Each structure stands twice: as C-alpha cells, then as structure tokens.
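Heads up: the protein sequence lines correspond to chains F and H, in order. Per the numbering used here, residue 1 is the first one in the first sequence, and the count goes up by one each step. Per the numbering used here, residue 826 is the first one in the second sequence, and the count goes up by one each step.
The hints are simulated quantities; they were obtained by calculation from the structure and are not laboratory data. A couple of the hints might just be wrong.
Unchecked claim - Taking lysine to aspartate or glutamate pairs in the EDC-like style, the calculated list, with each CA pair at most 20 Å apart, reads: (1) LYS768/F with GLU730/F; (2) LYS899/H with GLU730/F; (3) LYS543/F with GLU936/H; (4) LYS685/F with GLU823/F; (5) LYS465/F with ASP958/H; (6) LYS950/H with GLU936/H; (7) LYS327/F with ASP477/F; (8) LYS474/F with ASP952/H; (9) LYS959/H with GLU493/F; (10) LYS543/F with GLU493/F; (11) LYS490/F with ASP976/H; (12) LYS385/F with GLU949/H; (13) LYS874/H with ASP462/F; (14) LYS894/H with GLU749/F; (15) LYS790/F with GLU749/F.
To be verified - Here are the computed distance ranges between Cβ atoms for each label pair: (16) VAL932/H with LYS474/F: 56 to 66 Å; (17) THR613/F with GLY872/H: 46 to 56 Å; (18) LYS474/F with ASP958/H: 16 to 26 Å; (19) LYS950/H with ASP488/F: 33 to 43 Å; (20) ALA538/F with ASP958/H: 54 to 64 Å; (21) THR341/F with VAL932/H: 38 to 48 Å; (22) ASP485/F with LYS950/H: 53 to 63 Å; (23) VAL932/H with GLY765/F: 55 to 65 Å; (24) LYS206/F with VAL932/H: 55 to 65 Å; (25) GLY732/F with ASP958/H: 38 to 48 Å; (26) VAL932/H with ARG545/F: 27 to 37 Å.
Source: prediction; values computed, not measured. We put the beta carbon where it would ideally sit given N, CA and C, even for glycine.
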Amino acid sequence: MTNHWRDIKHADLILINGANPAEAHPVGFQWFVKAKLDPTKGPGAGGGAKIIHADPRYTRTSAMADIYLRMRTGTDVAYFGGLINYVIQNKLYHEEYVKNYTNASFIVKQGFDFKDGLFSGYNSSTRAYDTTTWTYETEGEPIAGAPAGTTQAAAKRDKTLQDPRTVWQLMAKHYSRYTPEMVSSITGVPVDQFMQVAKLVGEMGKPDKVMTIVYAVGLTHHTTGGQLIRSGALLQLILGNMGRPGGGMNAERGHANIQGNTDHAISWEILPGYLRIPAPGQKNLDQYVQASAPKKSDPNSWNFFGTNYRNFMVSLLKGWYGPKATKDNEYAFDFIPKPATNSSWMSIYDQALKGKMEGVILSGMTATSIGPDSNQVLKGLSNLKWLVVMDALPTTSSEFWHAPNMDASSIKTEVFLLPATHWIEKDGSFVNSGRWSQWKEQVIPPEGESRHDHWVLADLFDRVKTLYKQQGGKFPDPLMALTLDYKDPKKPELDEIAKEINGKNLATGGQMTSFANLKDDGTTTAGDWIYTGSYLDAGNLMKRRNGVANPQQNDPTGMGFYPNWAWSWPLNRRVMYNRASADLDGKPWDPKRPGIQWNGTTWVGDVPDYPPTMNPKDPAAWLPFIMNGEGVGRLFSNSMIDGPFPEHYEPVEAPIENPLHPSQSADPVAFLYDQAAGRPNRFGKVDKYPYVATSYRLTEHEHYVTQHVPLLVGLQPQAFVEVPEDLAKEKGIKNGDRVRVSSERGKLEVAALVTKRLGGLKLAGSDKPVYHIGIPIHWGFVGISAEKNKDISQYWLANALTPFVGDANARTPEFKAFLVNIEKL
Amino acid sequence: MPEITRREFLKLGAAGTAGMALVPLANPLGFDVAAAKKRALDLRISGAKEVHSICPYCAVGCALIAYTKEANGKTQLLQIEGDPDSPVNEGRLCPKGASAMQLATSVRRVEAPMYRAPGSTSWEKKDWDFVLDKIAQNIKASRDNTFVAQDANGNVVNRTEGIAFAGGAAFSSEEGYFATKLMRGLGLIHLEQQARV
C-alpha cells in the first residue's frame, strides 16, 4: 500500500477491483465502512463515502458497496482506461497536479507508436519489445552534479501540454479508444452503470476530494497483472490522488508477512530494499549502478534512489561480506550470483521438468496446491533429486509422493519434512499491507522437536561450510566470507538480525539513524536500507505500542498516523509520496485532510517524503516524487516490458477475441513457459471450455494451512465451486450436486453451490451470456477434511485447472482467468 | 445510555484480577451480562501473563494479546484475543484470527524430522542430525554439480542453478532476511515467496 489500513477512512470514493476485503481482509474492511458512515466524506455534499465494487462475483464486499459492477475477470485495464478517457475528455483531471507532479509535459521520442494492438519495437519471433522508442526527447548534456551512472540529458517538456508528442497528448489519444461502449463490450458492465461510476470518479479530480483504489491478487494474477495495477495508478495520478491521505494505490496482501519478506528480497530479481540483482556482464559497481539506478532526467529532480543506489549496495555488501568486502575487490560484488534468465516461481518447476533443478527447499509454502497447473508441478517435484519441506504441519508438497494417482515407488525424489516452529513460538516482526513493521513477542516455547526455520537454515549452512572445508568444492569463497556475527552463529536471535538489517556506522559502532547517511566507502552497513531507522541505539522502534488508548497523545495530527505505534518504512512515513499531498507552495490540497504542509520553516504532519526544511518556493526545490529520475509521477514509463501505457489484452484463455484489436488479442509478451521449453502449450478454447473460471479465497481459510484447524474446517468443510443459477438450470445441476470442472490441464470433482452471486455477461455485442464459475482454492489431499472425505477428495486441487503461463513483467501466473467446462457427475 | 466500546470492554477483561473495574462505568451494558462475561473471562485469564503478538493469517496485521501461564514447568497458552490498543484492528478479529489458538496449539503438528528415501512408500522418523547431515550433503553436491562460475561469454556469474529456495510469508521479517542472505551466499538464483502466487 502507498497508504495504510486506517487511512482508508479518509476517502470520499473507494474503488475496489480484484479484491474482496469484506471477506478476505474483514478487519481491514472496517476502515472502508468508517468512511461510508462518515457524513463529512463522499462525493458532492458528502453524506458518506461511496464504495464501488467491480468483480465477477457478488460478495459481502458488493453487499456493502453503493454500486456493484458485475465485471468480467481480467478486464480492469478496460475499466480504468474508460475512466481515464472520461476524465480527460471532460477535463475533470487535477490540472495543476497533472502539469507539475506528473510527466504529462514530457516529450516522447519520434518513432514511438501504437498500432493494431502493438507498441513500436515488437519482435514476434522473440515475443519481446525493443523499447528504445519508449523514451523522452532530450536536450543538452547529461545533467551535472549527480553521481556517475545516475543522470542523463534533461527531457524536453511542453508545460502547455499541447505538443502532440507530449505524454499527455499521446495518453489522451491512447485512451480515446476506450469509449463507454467499448468498455461495456469488453467488461460486460452496462454503459449506464459505467457512466454512473464515471461521474462519481470525475468528481475526484477536485483538490478537496480524494479517492482510493484498493486491489488484491484479483488484479495481479493475470498475464497483464502489472498493467492492470498501473492503469489504476494512472487514473489516480491524473486525479491528483497519489500521495494524499485517503488516496493512493493500495494492495491488500494475503499473508502475514509477504510484505516484509518481499522487502527483504526472497525474490529472484532483487536484493534487500528493491536493489536489482546484478546481471551477467556487469563487471563492477559502476556498471551495476549504470544499469540499475534510475536516471536523473530533470534538473529539479532529486532522484534520491538513483543518487544513493551505490551507497545502499555497498552498505549491503559490507554488511554481508564484512572484512572480505574491500574497495579493491569492489566490495565483493563478484560474490553476488548473477542470473541470466528469469528465475521466479514457475521457472523453478519449469527447470525441474527440464531436469535442470536438483533440489528444492520449501518453507511454509506448498508448491502442489499453489500451482499453477498442479499436475505439472507434481511432475516437476517427481523430477527432483531431493525436496526439503520445513513446516509446522504436513503440506501437499511434503506428501506429494503419495498423493492420489501417484506411484510412490517410482518417484526417486528424496523427501525431508522438518518440523518448524509456528509464528507464536518465535519473536520478530511482521510487516502488514500498510508497511507497518510490528514486532511480536515469543509467546510459547517451540513445540516438541520443532526448530525455528532460521536456526535450521543456519545449522545447514554451517554443515555445508564444514563439508567445503573438509572436501573442497566449487568456489566456496562467498560461503566462507558471509558474516555471521551473532552470539551463536547457529542460533542467531531475531533481535540481532533486526539490528543488522538496520545497519551501523562501522567507525563508531552505533546504529544508523537514516539511510540518507549510508556511504559507498565501506564505512557503513545496512542489511536492508529501507529499514534503516527501525532499530536505533535507543532500541527497537518496531516494538512501540502507543496506540488508540490515548489518541490525543498518540495521534497528534488527528490523521490516524499513530507514529509511535510500531514503525513503518521508509523512515516511519505512513503515506508514501506525501510531498504530493500539498500544492506547489506547500499548502495541503485539502486542508481538512493534510498529509504534510510547509509552515514557513519546516514540513509538518506525517514524516515528509522530502527534505524536512526544503522551502517549496525555492526555485531549486526538488520535484515531489523524489524517488523517480523524473521527479514526477510517470504516466508514461519504459519500466514495463509490455508497453509504456497499459493496454487491454485478453487473458491467454478468453471467451472472446479482444474487441480493441482481434488480431492481437492476448498480451504479446506474456511468457508461455511450455512453448518456450518445447512442450505443448495446453491452452483451451471456448468450443470445449465455454466458461470463464476465476479462483479466490474464503474468510474461513488461509491458503492451505487452515485445513489443519478444526474450527475453520468446521465452518467451511469441503471443496465446492460456485455455479450461476441460470447456467445450473441449463446443465441440470442442483445445489449440492457433485460436478466435474475441467480445463485443458486437469479436473476438479467437487460439490456445486448454485448461486445468484454469479451471472451471465453480455460481451462484444453478443446476446449470448458468458458465465463465470467461481473456484475457492483451499482444498487438496492433505488436512482434516481430506482425511474425513477420502472417497471424494481425490480431485480437490483447484490449481489442477490453472494455466502454466506468466505475466509479462512479474511472471505472476494467470490464476484468475481461464476457461473450463462443467458437467454434472 | 453511554455505549461501552469493545475496547473498553476488553480493557476491563484485561484488567484481570481487578474484579470490580466495571463500577465506574455505571452499568452501561446492563450489569448482569457484562459482569457474567467478565467473570467468565476472569476465570480463564486471572493471573495470566499478557504477551503481544500479531495475527499469522492475512496482512491486515491485527495485533493480538496472548495470555499464558506457567504450570508444571511449561508455558501454557490460555487465550488469544484482539489487542484493543492497536490502530489497525482496535481489538477486532475475523474467524481466522479468533481461532488462532487452534493453530498455535494444534495436535496435528509434525512431531519429528521425517524422511522418505527415494522410491520408498512410507515416512521414517529420524533425528535432526541425520536429516541435517543428509540435506547438507545434498546442498553441497547439487551446488557443485550446477555451479556456474563464468558464463559462455566469460562473465563472472558465480551462480548455483540447480537449487531453489521458496517460502517465507509466515516468517518473521528477520528470518526472511536471514534466509535471503544465506541463500544468496550459497549462490542461489531461484529465490521465491508468496508475492507472485
């Protein structure tokens, strides 16, 4: 989230897409309801915030919404694109914000184009774009005064926004195709309903109104996932809602600490703090920074991230490799592994299928249930030499070798199941969706023989080191050099690691107080620069507990920041990009809902996303978005590999051809793993699989672990699919009947829940309704329910159905839109 | 009638042995119900230690209060409830959070390290040293088998291609950071958690 849970109560309008907070994040949803019940919020004269829920399925979130749009899964770019078009055509955008706080005025290079569903530079044989035309016209020499590798020539601008090659004009042209009729044709939302929403959204460009967009994996789990989110962000930027309390783009994350462990880079493409993993060919830090850091492209852009990139990287390397990281060896830059190709989730199983992956360690995560394409994942697991599962409870991965239809004796994988401790048996922090890092205490000691995951890993690491010492082997230097400065290197305390993450000044031995002080000369460390400031000499700020018992003292701004409850990154800032919450002079756009404001000598309010004493009226004052090279929000960006503007593409399995450009229906750069590996693609078509399927979670279950919790299994006891009433009638399916749902990849055999919550959609000018089938993901062959229902639980893995295909940018699987058939058993 | 908030109500409960703490509130709920509920709560957590945790399920980040007691040399978990002081949840919990105690004290836990040999049709119970030694040998062998020091173009890449590590959405952040550090230390490039899936 750019903002945080409690902040949602400040919104006048709440758009919810690809999410169902009332059921999936019920306690967070209270802040949506607070906005709705607050008469000072809302469009027009107020009377309460309005909630708009766009989703194929009517849920409890829809029940609390003012407008529910039954929308086809995966079509949110069309929806947001239509809203962008409406706002631009009717001049309802926040003009001052657009001109000064976005790259609307930047001039795009000659040669950039969009035609027949493709941006300029496409190569159909490599299924990739050459993005050289997706950039700005520049003038003069690279901007002076910035560190090497972090600057470029200034971009040309036309502040009148009239030049046809300005980002603004190109964007207006791009979205002019997204008429209400086109939006309706793609999404299935009737034109009058769409217009009702557009009118409300159009009000949100006024400085004294603010809208938030809330989303979850219903946006990310698509081959266009990154662009679905970006299309919402574009709308928020032109309405001037980024950086403001009650505004922003807010991702609801699904697991307790998915945020913290993304920040700390258990992710192939990054190092802690979102530093890019170095690539082959980068021989030293200069080349790494040149290739990775954002480039200053306006004289008034601070480019804080780019400017400090080298400081952050050297402080990380110094923290990891200690005395072995020296100026002469580029701070052990060579020790960091350099992947040549994408190495994310699906790539692991793709490599296993190719016989190139020998061992997999799964910790609190089950490959089989997660999928996609669980049957293919099972083949991948069967192809490994060894598999380690560290978990408190058995999973569909630890038990994969004796899953239904598997022949254990033919599976050569050596499998280990290690009893790990639960969250309550250890301390440490969890970071919530709003970036609040909250420390938890150890409540009870480890059960039985259970050990902490990090102690198991530390012990294994120690044993591997010993083996290298005894036997030698391939380049052990990085292993031997890795710092383990803990009281007991085999049992590091999380408190010790929290201190390490924050970093220290090696000269004084004191904890660093801000990442702004990190250096590239080996005198500072920071395990993760975005957490610098969380653990000071005075103590661990994540432990702070000054909460709502005393609002006057603990929430001095009255804005719900509660700055002394836990700690949020970066620097305890509660709303990111909050410089953009105030106008050019530093006055809040809406004095009733200030983020930060300039009081003549300093910025007050939230922790400013800006130098605390920089006078906004100074001609040399930095532009508001200090992390970007441009210093402003990017309506046009070459950071996405499938286009500088989001475009609607159909899911890889879709019920219709793309009404915008049938010749280029799906995302041209979506990654087709099977095809790339020489395996058949296995995508279904409407003739055999006429229904759209989408997967989701229930309130009573969390992924798969809750299959071991009796109360929750009691509340949601067995696998089912939701079937729209009209379709059920057509198919002779009654509520409770057993049905088979099949895709080109696998099948489910479960109970049917016949419901009015799903219904037919009219698409692309056709009167024939297109139906969705709803598929909760929680069941498999492990757990209380599977044990009790052995006779019927053989085909309960929802992800047996999902396609093995990934988002062009993030390689997120397309869990949320695929084609199936359904029949009564 | 003044409304008693859940926070105040929980606060009263959390006061533990202060049995008559309801009096100053002038009977807001109708004294009988409140007193009865409070007494039930009292019996359960009286004299217990209050420990702070966070819900292990979704990422709203609801703060929890856990009550524990030492008995027979063991720490016993008595109850988990929402923390009324939290600006995130203000004491509220959903069905998952409210049943977190059943996850914390599950009888279905993996009791000991388990091992399935290649081709075997059953688990064997093993001790930690057995499994850790075997896994360490596997890691070393797979690292040595699949380590690439230089790619075809002569670039130094120092990567282990044949081992993947995935997990961590229920790790404490510090464990996650530590896992990243060790796995990159081993040269791993396949590193993943639940962010994509």
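Quick rundown of the hints versus the structure:
Restraint check for LYS768/F and GLU730/F: satisfied, since their Cα atoms lie roughly 13 Å apart, inside the 20 Å limit. With a C-alpha separation of about 60 Å, the suggested pairing of LYS899/H with GLU730/F is violated against the 20 Å cut-off. Restraint check for LYS543/F and GLU936/H: not satisfied, since their Cα atoms lie roughly 32 Å apart, outside the 20 Å limit. Distance hint between LYS685/F and GLU823/F is fulfilled; the C-alpha atoms sit about 17 Å from each other, no more than 20 Å.
For the hint linking LYS465/F to ASP958/H, the alpha-carbon distance of about 12 Å falls within 20 Å, and the restraint holds. At roughly 9 Å between alpha-carbon atoms, LYS950/H and GLU936/H fall within 20 Å of each other, so this suggested pair holds. In summary, the hint linking LYS327/F to ASP477/F is supported, as the alpha carbons are separated by about 17 Å, within the 20 Å threshold. For the proposed pair LYS474/F and ASP952/H, the alpha carbon gap of about 29 Å is over 20 Å, so the pair is violated.
For the hint linking LYS959/H to GLU493/F, the alpha-carbon distance of about 25 Å lies beyond 20 Å, and the restraint is violated. Our distance criterion of 20 Å between C-alpha atoms is met by LYS543/F and GLU493/F, whose separation comes to about 16 Å. A distance of roughly 34 Å separates the Cα atoms of LYS490/F and ASP976/H; the hinted pair therefore is violated under the 20 Å criterion. A C-alpha spacing of about 18 Å is found between LYS385/F and GLU949/H, which places the hinted pair at or below 20 Å, so the restraint holds.
For the proposed pair LYS874/H and ASP462/F, the alpha carbon gap of about 37 Å is over 20 Å, so the pair is violated. A hinted pair counts as satisfied when its Cα atoms are at most 20 Å apart, and LYS894/H with GLU749/F does not qualify at roughly 46 Å. Distance check on the hinted pair: LYS790/F and GLU749/F sit about 13 Å apart at the alpha-carbon level, within 20 Å; holds. The hinted window of 56 to 66 Å between VAL932/H and LYS474/F is violated, with their beta carbons roughly 44 Å apart.
Take THR613/F and GLY872/H: their Cβ atoms lie about 52 Å apart, and the range 46 to 56 Å holds. For LYS474/F paired with ASP958/H, a C-beta distance near 20 Å keeps the hint of 16 to 26 Å intact. One distance hint, 33 to 43 Å for the beta-carbon pair LYS950/H and ASP488/F, is violated here, with the actual separation near 27 Å. About 43 Å separates the C-beta atoms of ALA538/F and ASP958/H, a value inconsistent with the hinted range of 54 to 64 Å.
Separated by about 45 Å at the C-beta atoms, THR341/F and VAL932/H satisfy the suggested range of 38 to 48 Å. The beta-carbon spacing between ASP485/F and LYS950/H, approximately 36 Å, falls outside the hinted interval of 53 to 63 Å. Taken as a hint, the range 55 to 65 Å holds for the pair VAL932/H and GLY765/F, whose Cβ atoms sit roughly 58 Å apart. For the pair LYS206/F and VAL932/H, the supplied restraint of 55 to 65 Å holds, since their beta-carbon distance comes to about 58 Å.
For GLY732/F and ASP958/H, the hinted distance range of 38 to 48 Å is not satisfied, since their beta carbons lie about 59 Å from each other. Checking the proposed 27 to 37 Å range against VAL932/H and ARG545/F shows it holds: the Cβ atoms sit about 33 Å from each other.
Of the numbered hints listed earlier, those contradicted by the structure are 2, 3, 8, 9, 11, 13, 14, 16, 19, 20, 22, 25.
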